Amino acid sequence: MFDSLSSKLTGAFTSLRSRGKITSSDIDATCSDIRAALLESDVALTVVEAFIEAIRAKSLAALPTLQSGTNQAQVIFEIVNTELIEILGGAGRRVRFAKNPPTVIMLAGLQGAGKTTLAGKLAKFYADQGNTPLLVASDLQRPNAVTQLQVVGESVGVPVFAPEPGNGVGNPMKVAEQSLAYAKTKLYNMVIVDTAGRLGVDTELMQQVIDIRNVVKPDEILFVVDAMMGQDAVRTAKAFQDGVGFDGVVLTKLDGDARGGAALSIAKLTGKPIMFSSNGEKLTDFDIFYPERMASRILGLGDVATLAEQAKKAFDGEATAKLEEKFARGDDFTLADFLEQLEAMSKMGSMSKLLGMLPGAGAMKKQIENFDESEIVRTKSIVQSMTPLEREDPKVLNGSRRARIALGAGRKVQDVNSLVDKFTAAQKIMRQMRKGAGMPPAMAQGMGIPAGMGAAIGGHQHGGQKGQQLAKKKSKSGNPAKRAAQEKG
Amino acid sequence: MGIFSQFVAKIKGQSTADPQDWQELEAELLGADLGPTLTFEIIRSAKSIKGDDAIASLTQILNSHLSAKPRDLIMSNDVTVVMVVGVNGTGKTTSVAKLAAYLKSSGNSVVLAAADTFRAAAVDQLQTWGKRVGVDVIAGKEGAEPASVAFDAATRTKELNSDYLIIDTAGRLHNKSDLMAELEKVKRVVEKTLAVSEVLLVIDATTGQNGIAQAKIFAEAVEVTGLIITKLDGSARGGVALAIESALDIPIKFIGTGEGDTDFALFEPSSYLSGLISD
Ligand SMILES: Nc1nc2c(ncn2[C@@H]2O[C@H](COP(=O)(O)OP(=O)(O)OP(=O)(O)O)[C@@H](O)[C@H]2O)c(=O)[nH]1
Ligand SMILES: [Mg+2]
Chain S
304 MFDSLSSKLT GAFTSLRSRG KITSSDIDAT CSDIRAALLE SDVALTVVEA
354 FIEAIRAKSL AALPTLQSGT NQAQVIFEIV NTELIEILGG AGRRVRFAKN
404 PPTVIMLAGL QGAGKTTLAG KLAKFYADQG NTPLLVASDL QRPNAVTQLQ
454 VVGESVGVPV FAPEPGNGVG NPMKVAEQSL AYAKTKLYNM VIVDTAGRLG
504 VDTELMQQVI DIRNVVKPDE ILFVVDAMMG QDAVRTAKAF QDGVGFDGVV
554 LTKLDGDARG GAALSIAKLT GKPIMFSSNG EKLTDFDIFY PERMASRILG
604 LGDVATLAEQ AKKAFDGEAT AKLEEKFARG DDFTLADFLE QLEAMSKMGS
654 MSKLLGMLPG AGAMKKQIEN FDESEIVRTK SIVQSMTPLE REDPKVLNGS
704 RRARIALGAG RKVQDVNSLV DKFTAAQKIM RQMRKGAGMP PAMAQGMGIP
754 AGMGAAIGGH QHGGQKGQQL AKKKSKSGNP AKRAAQEKG
Chain W
-14 MGIFSQFVAK IKGQSTADPQ DWQELEAELL GADLGPTLTF EIIRSAKSIK
36 GDDAIASLTQ ILNSHLSAKP RDLIMSNDVT VVMVVGVNGT GKTTSVAKLA
86 AYLKSSGNSV VLAAADTFRA AAVDQLQTWG KRVGVDVIAG KEGAEPASVA
136 FDAATRTKEL NSDYLIIDTA GRLHNKSDLM AELEKVKRVV EKTLAVSEVL
186 LVIDATTGQN GIAQAKIFAE AVEVTGLIIT KLDGSARGGV ALAIESALDI
236 PIKFIGTGEG DTDFALFEPS SYLSGLISD
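Protein chains in written order, with our numbering: chain S, 304 to 792; chain W, -14 to 264.
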């Protein structure tokens, strides 16, 4: 379950590679593995089917050129990856600013998608670029949504227009309308309207957000969607597109470990660009959207770029600089460095998540699932029981030294041994990394990654995309009582 | 006639179900977020069904994936403590209020603890709900530690000898180990005073396969005893909950079907299962 997608895919490509010649039935088998993998990633079934057909056709077309050489699997992988990036990255663009300020951005989406937090993040993002945004509290529905926006606004230093208390009191359309006049007189150049969460099937509330839209005439309507969303993403996105309509998509909660297949479903179905990603509870956890990263995430191939970025955040600048300096001098990676890194990594959050972001982590599934966070604590106590000399050069660690360390740390000698072994392995990797850039090929291979995939993950952007209309499905309530009523009516 | 019953009619007696019919059933199950693993497993079992008992057999296959554990709230002799946990935005705070209203309506005394001291205005939100449904809310000072708020709440409800203490916790993604450790601490600290009878994990019905990872990791951290599936009033059918029951044996206990305090009900397996497949 944890990484079946990535293991399936790596499995599919490995078995292809071992065949030598690829036949059309190999392609069928690979396609069915990719299908299962995409479904596991929550890509909507209809989108998966269309996607697989495209891959099959393109792979078959490429078949004649695949007859020789050893890199057939690589070619098919490239086709898959390119297709994904194309769908995800279609028509990527920035927010359109109004000719006559204020530029109006309106947020819409389901309950709990993360709109209010996002409003704050957007405000900060644009304020940091020299704009003067105004936040508008038009969610008068959810208890204390107004208070929440006020707190958020205060912490990013952006004023909040909130003439109504909310909690069911006030007219969200009026608030939005008044905010425009207010922004004009106070010379705010941007207005960000937070709206209440609503369901796609709730026609009454959909009408309400349409009414708000009609009075503020937004330059951008952003559809805010939780990256953890499953198959319902297509019905919901369609309902919002047909209802209030939207110009761009924002994915939230990308700091989780969901594969985020909903992004592909929505991009494909609506043809609207995914513009931003929201990836944490802090108001700075916000970024523009990177289609290449999302593609490898959906494929379960890890998100190396994000990993690197998070690592940069977690490793405090000084320690990193020190390490880099050591590397530059040609000094060896020591136990003290190892400990420092382990500590930084524990700051970065769950180890399994971290490792899970590495490409081909599927192959290391066992180790990842068995990773014990308390190991960091144990390791620390062992390293701290070593003398400076031992930390610099573990080769001096003979039996009696190891026994002394174990005693000092309150651990068994085996624990000391296993730490030294792990460290030696890590040291070897670090030496290799210093020679080449990035992950050593031996390590990549050990993880079962097709050669050269690293480059594919690094990726390139493709433009142009046709929004494809998919079969319309009538939305029905999941609530048994409502459903029964709908079926009667 | 829904796809499911059409399908059942076809495999009854001399089966006339063709590949197209199987595909449709598969599409229904996948579309309800059961996920490929469980869906393929169900289809595999279903293919062996023969004879007139098709409906019973299919129902039985689906049922076999439900947990056999009881679905009633586990009660304590002392104050019954219920912790409500989950990832961000699933509907925890609303569910806390709904559960309080539900318990209060059958004559119980209920106290709420506002242990989400992190998210902006989360405490105010719970206090608003407390007023609405008429129960007391225990909150700490601003920026207080969640464990200390929960501890105070436990101590005070024990003195008050209330029937229930429901603890609202901050939304947290299961892959953040520091936040999961914080949640463990909340539970541990409460248990110095009162046993925690229930840890209810709130799963949003729109959640896809990530729900399984959520349940797995929350269960490891705080021994989840039941699920609340929220937002079943939308078009999502919440099938990942069946996958969770099947994989982790955690029973669904309640469902949320709206934003009001009465949009809440005990989980009912048969209507849930038919909701998964009748479109
Ligand atoms: N339609 C519908 N909306 C719901 C349901 N349960 C909760 N909501 C809405 O979902 C949104 C989030 O609910 P909250 O209770 O604040 O969620 P939470 O899990 O406490 O959120 P955080 O504390 O921020 O993690 C609110 O707008 C609720 O009104 C439900 O069953 N149906
Ligand atoms: Mg909450």
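Honestly, I wouldn't trust all of these hints.
[What the hints assert, rightly or not] Dumping the calculated SDA-like pairs for lysine to any residue here, alpha-carbon to alpha-carbon at most 25 Å:
id: 1; chain 1: W; residue 1: K170; chain 2: S; residue 2: V680
id: 2; chain 1: S; residue 1: K541; chain 2: W; residue 2: E9
id: 3; chain 1: S; residue 1: K585; chain 2: W; residue 2: K32
id: 4; chain 1: W; residue 1: K32; chain 2: S; residue 2: V680
id: 5; chain 1: W; residue 1: K201; chain 2: W; residue 2: D163
id: 6; chain 1: W; residue 1: K201; chain 2: S; residue 2: G583
id: 7; chain 1: S; residue 1: K585; chain 2: W; residue 2: E130
Honestly, the hints are just simulated from the structure, not real lab data.
Keep in mind the model is a prediction, meaning the values are calculated, not measured.
Okay, the hints, checked on the actual structure:
| no. | hint | in the structure |
| --- | --- | --- |
| 1 | W:K170 <-> S:V680 | holds, 17 Å |
| 2 | S:K541 <-> W:E9 | holds, 21 Å |
| 3 | S:K585 <-> W:K32 | violated, 50 Å |
| 4 | W:K32 <-> S:V680 | violated, 51 Å |
| 5 | W:K201 <-> W:D163 | holds, 17 Å |
| 6 | W:K201 <-> S:G583 | holds, 21 Å |
| 7 | S:K585 <-> W:E130 | holds, 18 Å |
Hints 3 and 4, counting from the list given before, are not met by this structure.
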